[in-house]
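*Asks:* Turn these sequences into a full structure, and let the hints guide you.
Protein chains in written order, with this note's numbering: chain W, 1 to 113; chain D, 1 to 316; chain L, 1 to 97.
Treat the hints as calculated values from the structure; they're not laboratory data.
Note that the coordinates shown come from a computational prediction; the quantities given were computed from them, not determined experimentally.
Check the hints yourself; a few may be wrong.
Stretch-level coverage of chain D by chain W, calculated; a stretch enters the list once three of its residues show a Cβ under 8 Å from a Cβ in chain W [stated by the list, open to error]:
1) 10-17
2) 72-82
3) 88-99
4) 143-155
5) 255-269
Think of the CB as a built atom: it goes at the ideal place given N, C-alpha and C, for glycine as much as any other residue.
Here are the chains, one letter per residue:
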Amino acid sequence: MNAPTLFGLCAAALVGIGLYGLIVNPRPLRKILAFNLVGTGVFLLFGAIARRGAAVGMDGDPVPQALLITGIVVAFSATALAVALVQRLFDEAGSVTLAPDAPAKAPVEPPDA
Amino acid sequence: MTLALAVDISLALLVLAVAGWIIAVRDTFGAVIGFVAYGLLLALVWVRLAAPDVALTEAAIGGGLTGALLIGAAARLRGTEAAARAEYPGAFTRTLAAVLAVTVAAALAIGVLALPDPAPTLAPAAAAASLATTGVGNPVTAVLLAFRAMDTLLEAIVVLLALLGVWSLAPDRAWGGCPGPRRPVDPDGVLAYLAQLLPPIGIIVGLYIFWIGADLPGGKFQGATILAAMWLLVIWAGLADTPPIGRTWLRVLLVAGPLVFIAIGFAGAITAGAVLAYPEGYAKPLIVAIEIALMPTLVLTLALLVAGAPQRIPPQ
Amino acid sequence: MSLVLDIFTIVAVSAGAFFFLAGTVGLLRFPDTLTRLHALTKADNLGLGLVVMGLLPQAEQPFAVIKLIAIWLFALLAGATVGQLMARAARRERPTP
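*Replies:* Quick look at the structure:
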């Protein structure tokens, strides 16, 4: 067992944990968190593969590492968009439920907190 | 078992435990705090995987900026927590989800154990690219701006598109207005004090990390995140307001980075024979020009993504 | 000489780790928010200071020494500020009699 294999297995487990939370938890914010866990699991898998590609005096393959940086930034912007969508849903509907038959509530004023 | 492996194993277990806690804990606010800790632990994992550039990005963006964004959202949505308790799926759905999750994880684990040996690597090609752009000593930066410049260009545009998406969620009455609520100033407040003390140092640190990225771990994304955090600190302390999104200077700066990148890219088609190729001997100055043009764009985009959709028209 | 420095590093870093441990025990064992914050900020600031002090002789260039000290100062500043903010939030939510 070496470090890339260990963290590769850790990444596989993270994808599993995130996937379970994504399906089971009904709250949108928790789904965003779970989706981010799946994302970091994939990143970590990629990172483990990058570490295995160490060659020509480099400790890791720089190509996947550069793509990881790109990926982390894109994941952040997707998260920001998702959070803005949930916020807008809350401002419009007064609740953030994703259930199709949820009772409609009267709109409330957006909180200034 | 070596000491290093023992450290790695405990780190992996800790990461898994925090991940499980993020999913399992009832309070969303607690889960978000867990996510910040998780981001910092992952940064340690990146160091152990010999990827210091990724570690910096993860700590700054994965832990810091995403954390700030989610903490704000969790605090605003706290009132909706109780209503969601009734929506948890039944035991059948949960079992099905668990089976699916375990299957996917097992398939990935088998994939990890069956990875080819010796591992395929693009390191020699990246080293060649690094060599071609003489003076860029950090191979990751060389990959980002020479070997895979197309990805970096598309990323800069994706981040900008995400910002447009966030802005387009503004209510009609607030279009063109300021993102986020106006923060009251607390003159004796410790936050206002910090927002006066920290930014001068933070700006130097951010620019240093940006500049050092050419040769050592660091770069524009990490540096831009620190600068964005300084701006957000000043905004949240109430010492400055977010700019109205209709301002011309803001829109010019937002598109300037990608435009310069595209212009240099297409100039490469004429002078060096390929889009996003750099003419012989000019690689380093052109890369520096792209980075300097992208920097303000990234700082503004990252900070405004956290600030959210426009909510109010500022008093004239 | 390097043996003395190595021993100094080991002692200081171990002492720092001990203070981190004490702070964490305090965080888990103390009864309310304010005492927990107290345990966390005080013990961790000292612990990090000792870890940084222990690592100073191992730094290879003078610039690394400045960086290490800067990290400690930033952590002090952040810890003090966040501690105050959290204490305020706690008092707003549940005023002490």
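*Asks:* Is the listed coverage of the segment 72-82 of chain D by chain W valid when you require three or more residues with a beta carbon under 8 Å from a beta carbon of that chain?
*Replies:* Since three or more residues must qualify, the claim that chain W covers the segment 72-82 of chain D holds, with 7 doing so at under 8 Å.
*Asks:* Do at least three Cβ atoms from the segment 143-155 of chain D come closer than 8 Å to Cβ atoms of chain W?
*Replies:* It holds: at least three residues are needed, and the segment 143-155 of chain D offers 7 whose Cβ sits within less than 8 Å of chain W.
*Asks:* Examine the segment 255-269 of chain D for residues whose CB is less than 8 Å from any CB of chain W, and state whether their number is three or more.
*Replies:* violated (count 0)
*Asks:* Taking a Cβ-to-Cβ distance below 8 Å as contact, does the segment 10-17 of chain D have at least three residues touching chain W?
*Replies:* holds (count 3)
*Asks:* Three or more residues of the segment 88-99 of chain D near chain W by CB distance under 8 Å?
*Replies:* Coverage by chain W holds here, the residue count being 6 at a Cβ distance below 8 Å.
In summary, the one numbered hint that this structure violates is 5.
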